[in-house]
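Q: Sequence:
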Amino acid sequence: MKDSYSILNVGFSIFALFFFALPATQAQEVIYVNQQASGANTGQSWADAYTQLQDALTHAETGSTIWVAQGTYAPASPGGDRGATFLIDKNLVLLGGFAGSGDDPDENNPKSYKTVLSGDLNGDDVVDDFGMNRSDNARTILTVEEMVTGVTLIDGFIIEGGQADGDSHSLSPARNGGGLHSSGTPTIAHCVFRHNYAAFRGGGVYINYGGDQLLAISSCRFLGNLSARGGGLQVDHASCQLTHCSFQSNTALLQGGGFNYSAEVDDQSLEVLGCSFDNNRASHGGGLHFRQFNANNNNFLVADCSFSGNAAQMEPGMGEGGGGLLGKTYSGTENGTIAIRNCTFSGNTSTSNGSSLVLDLADENGQVEVESCLFYDNNAQQDGTARIIGHGSGQVSVSQCSFNNNSAGSSGGLSIGSGPAATGLMAYEVLSSHFMDNEATDRSGALTLHGESPSRFQLEWCTFLANTAGTSSGGIWLVVSHPDVEILGRNLELSNNTSPVGAAIAGWLTNADSQLVNSADITLESCLLQGNTGGSIIDLEETGQLNLINCTLAENNGTGIFLNRHSSLSLQNTVLANPGFAEFATLAVRIAVRSNGGNLVLDESLNNYLTAFDQHGISPGFIPDSFEPAANSPLINAGINEGVTALYDLAGNDRIQQGVVDIGAFESPFVVNAHEVSAGKVSLFPNPARDFVQVQLPENSRNSFTVNLFDTQGRLLRREVLAGGQLLDLRSLSQGMYTLTATTADRCYTGKLVKD
Numbered sequence: 001m002k003d004s005y006s007i008l009n010v011g012f013s014i015f016a017l018f019f020f021a022l023p024a025t026q027a028q029e030v031i032y033v034n035q036q037a038s039g040a041n042t043g044q045s046w047a048d049a050y051t052q053l054q055d056a057l058t059h060a061e062t063g064s065t066i067w068v069a070q071g072t073y074a075p076a077s078p079g080g081d082r083g084a085t086f087l088i089d090k091n092l093v094l095l096g097g098f099a100g101s102g103d104d105p106d107e108n109n110p111k112s113y114k115t116v117l118s119g120d121l122n123g124d125d126v127v128d129d130f131g132m133n134r135s136d137n138a139r140t141i142l143t144v145e146e147m148v149t150g151v152t153l154i155d156g157f158i159i160e161g162g163q164a165d166g167d168s169h170s171l172s173p174a175r176n177g178g179g180l181h182s183s184g185t186p187t188i189a190h191c192v193f194r195h196n197y198a199a200f201r202g203g204g205v206y207i208n209y210g211g212d213q214l215l216a217i218s219s220c221r222f223l224g225n226l227s228a229r230g231g232g233l234q235v236d237h238a239s240c241q242l243t244h245c246s247f248q249s250n251t252a253l254l255q256g257g258g259f260n261y262s263a264e265v266d267d268q269s270l271e272v273l274g275c276s277f278d279n280n281r282a283s284h285g286g287g288l289h290f291r292q293f294n295a296n297n298n299n300f301l302v303a304d305c306s307f308s309g310n311a312a313q314m315e316p317g318m319g320e321g322g323g324g325l326l327g328k329t330y331s332g333t334e335n336g337t338i339a340i341r342n343c344t345f346s347g348n349t350s351t352s353n354g355s356s357l358v359l360d361l362a363d364e365n366g367q368v369e370v371e372s373c374l375f376y377d378n379n380a381q382q383d384g385t386a387r388i389i390g391h392g393s394g395q396v397s398v399s400q401c402s403f404n405n406n407s408a409g410s411s412g413g414l415s416i417g418s419g420p421a422a423t424g425l426m427a428y429e430v431l432s433s434h435f436m437d438n439e440a441t442d443r444s445g446a447l448t449l450h451g452e453s454p455s456r457f458q459l460e461w462c463t464f465l466a467n468t469a470g471t472s473s474g475g476i477w478l479v480v481s482h483p484d485v486e487i488l489g490r491n492l493e494l495s496n497n498t499s500p501v502g503a504a505i506a507g508w509l510t511n512a513d514s515q516l517v518n519s520a521d522i523t524l525e526s527c528l529l530q531g532n533t534g535g536s537i538i539d540l541e542e543t544g545q546l547n548l549i550n551c552t553l554a555e556n557n558g559t560g561i562f563l564n565r566h567s568s569l570s571l572q573n574t575v576l577a578n579p580g581f582a583e584f585a586t587l588a589v590r591i592a593v594r595s596n597g598g599n600l601v602l603d604e605s606l607n608n609y610l611t612a613f614d615q616h617g618i619s620p621g622f623i624p625d626s627f628e629p630a631a632n633s634p635l636i637n638a639g640i641n642e643g644v645t646a647l648y649d650l651a652g653n654d655r656i657q658q659g660v661v662d663i664g665a666f667e668s669p670f671v672v673n674a675h676e677v678s679a680g681k682v683s684l685f686p687n688p689a690r691d692f693v694q695v696q697l698p699e700n701s702r703n704s705f706t707v708n709l710f711d712t713q714g715r716l717l718r719r720e721v722l723a724g725g726q727l728l729d730l731r732s733l734s735q736g737m738y739t740l741t742a743t744t745a746d747r748c749y750t751g752k753l754v755k756d
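In terms of the numbering used here, the sequence shown has 318 at position 318, counting the first letter as 1, and numbering is strictly consecutive.
These aren't lab readings, by the way, just hints derived from the structure by calculation. Since no wrong hints were added, every one of them can be taken at face value.
Below, computed lysine-lysine pairings styled on DSSO-like, alpha-carbon distance capped at 27 Å: (1) Lys752 with Lys681; (2) Lys755 with Lys681; (3) Lys90 with Lys114.
Sequences are here, hints too, so could you generate the full structure?
A: What follows is the structure, encoded as structure tokens:
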């Protein structure tokens, strides 16, 4: 995963940064706190340290630094005032984790010298039980006033046992922020917030701030906290940077089991960097929930994070789930951005939609990017491992993502597109992504495209392998119920997918009252559909115009193409070769089929539509165990150039060679490829190699790429997708010379390999 952080890693402590940042006119004295001290209780040394943290905070001046020794500190005595709190009402530095005694009392190590700020006034709490023995607990342990800025540092504490269960004003410390309640923006680092409760917002921490200061929280843990919203952490209206924090086993009854963020002010930003969310629970957004409401120009970035074992739990029909993450933008907002990069989602669940990720987008001119993310072993009872639905206008990009072994009621991998009431045009792209071994109990084993409002879709360089669906669309489901929909799929592979209807692709209406959409345009170019099993491989009903250009549908177990009711078909440079099954079928009395020439059809099911520029009833002449044209194949130089827009074939070779395009998804490998020569050489180490070889691209990318391995006769032996740094297994190969190509989204590299 690439480094997406916007902060610098520096070689000295946060404390040093804050100490030297204090103005010279402010006090920089150190005040000592040690509950075991027996001296004069003046706070001027460890020997004479204050025994109560309250005394140190009371006597501190702006710019003071307070060192707190190991031990447990409560804001009041046993049986004391539940409204008592440790109050920070000025800028200062508050550090825990000091030894406070021994050979080096100044030694600071919060892990070894635990400094606990506890709300358990009577010392009788039961871990993970927020009802028993909690009536004595302080409501908010630590309170920060609004004049406090990022100059203030809170570092090295365990904060536990806050019980904000009051019934006063909804945003007051009595009901929000059981561990910490802040109206300012202190910097918080190396703290643990555990077993805190808030009736309304922020079981562990609640920040409510509407100014222009940045809130920074780093290297903190949020463990076992509970609230209605933001079980671990709730931040409202503050630009926030959250770095290297962990959220574990927190619960929110409503939104954001781990972390809940709300932007209702213009020009705010949220950055969640290098954080982990594990086993958190909520109705919406089990791990993380963020929203943009009635505000413009807000930016959300989630990068290098992991989401594992989180759950969205609600009754069906109660809204979007998002077991790992739920992001929501509302109508009336515009010009926002959402970027989710280099994140891993595993083992998350949802009783509704989106076991891992839901983005529900109603803003105008929004920009969304999901890049280089891994989704595996997630389960949603309804729709989608990841679900991205647009109701406004803007652009959405999903690139270089992997969906493996996920399951859902429908859309086992990704569900993306426009809902029926979108206010503007939405453009979606899914690029260089892989869908493997996903399962839907109903429809859509891998990918669903929703075209229920004006929308544009572009799919390129994606693979769909061994996905299954119980009723239809083992690979891709097209939900098209609006005429102003355009879908372009280029350089796609759909292999070994299974479903009774549309084993690879199906498209049909789910609402019988929806208008017919025969004007919608669906184009597949340079795509391979092979080894799929079902009653039909492509099945379209009332979906629109299907255009196949340079596609190969071969060796499938089912009817090649089935059209019905207001769907139509055009073919160009396409191979239909599925022995034992009809290449085309329809139940419609009138169906529009057109050949633009350059097709090869194995049977006679399309003879009424073919032209003199087509071939039928002959074998395509593939290389054995491949779908590339053999040296004497009738596919070579037999296509029609006009209308071909793809630059490369499915192997990454130039699409048109020797002046005339080949038929099918591949150009013949027996022709010298200028594109491969010009792109550069791949580095192979070691070479010669015996068992494994490292494939290194010149661009030094850590993203996945496709490796093709050929023998000296030009026959394709293996195609495999490698992640950056992954080794290529050579153990099954015989000794000898091999040619290797490594293909990214936009280029192809070549190399020679010797197997010892």
